[in-house]
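Participant: The residues making up each chain are set out below.
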Amino acid sequence: GAVVSQHPSRVICKSGTSVKIECRSLDFQATTMFWYRQFPKQSLMLMATSNEGSKATYEQGVEKDKFLINHASLTLSTLTVTSAHPEDSSFYICSARSSGRDTQYFGPGTRLTVL
Amino acid sequence: TQLLEQSPQFLSIQEGENLTVYCNSSSVFSSLQWYRQEPGEGPVLLVTVVTGGEVKKLKRLTFQFGDARKDSSLHITAAQPGDTGLYLCAGGMGNYQLIWGAGTKLIIKP
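Top line first, the protein sequences correspond to chains X and H. As numbered in our numbering, residues 557 to 671 make up the first sequence, in order. As numbered in our numbering, residues 270 to 379 make up the second sequence, in order.
Since the hints were derived computationally from the structure, they do not count as laboratory data. No experiment lies behind these values; they were computed from the predicted model shown. Be aware that a few hints might be false.
Which chain H residues stay away from chain X? Per the calculated CB distances, all over 12 Å, these [unchecked claim]:
(1) GLN283
(2) SER295
(3) GLU310
(4) THR317
(5) GLU323
(6) VAL324
(7) GLY335
Computed cross-link-like contacts, DSSO-like style, restricted to lysine-lysine with a CA-CA straight-line distance of at most 27 Å [said to hold, decoys possible]:
(8) LYS597(X) / LYS378(H)
(9) LYS620(X) / LYS378(H)
(10) LYS374(H) / LYS597(X)
(11) LYS374(H) / LYS328(H)
Just so you know, even glycine gets a beta-carbon here, dropped at the ideal spot from N, CA and C.
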């Protein structure tokens with residue numbers, strides 16, 4: 557149980573284009589979904605928290621107009637990196653939790669490379 | 270600012286040795302999670318502990334939650350190359366957010 561999928565696993569795009577990453581909870585309803593960014597050999601950096609049907613809460617320093625988050629249902633959240641630049645290249649990981657629990661279950665991550 | 274200090278940050282040992290990773294804080298947590306992450310993949314949950322003093326075992330891995338729920342440890346007995354990875358602890362604050370440790374990069378040499 558508690559499986560989270562993420563798509564795509566890898567994406568390469570040109571500078572200036574937008575990229576959408578999907579995160580799905582496959583066997584449970586995700587009250588809250590989280591988006592993280594991870595730099596090489598470092599821990600996770602929380603970017604934003606989203607609750608189904610509500611606007612996402614962004615961490616300090618994360619541009620909400622650049623990283624658009626939509627949590628349209630209890631099983632799907634999307635992160636759109638708009639007008640991507642090479643400095644946006646990173647490993648993006650989503651996680652999901654169900655109501656009443658602290659534990660987060662993670663997707664496999666998306667490696668974004670912006671040329 | 271709530272902090273969760275994880276140590277050591279890097280550990281390289283020979284197969285068969287034992288090791289312990291620590292996570293310490295001045296904050297009280299409602300729960301403590303341990304994850305393992307391999308390169309290019311998302312973190313995988315190993316265990317969640319919620320009760321002060323709780324000990325959980327997962328084969329050769331032993332997890333302990335401190336009595337005051339401010340600290341936790343992960344002990345690996347007879348480490349194997351398959352244990353290699355990044356180990357992350359995360360403390361639950363009861364408001365669905367997690368406070369993350371910096372991670373321990375573990376390498377087990379055959």
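Participant: Hints broken by the structure, by number, lowest first?
Facilitator: 3, 4, 9
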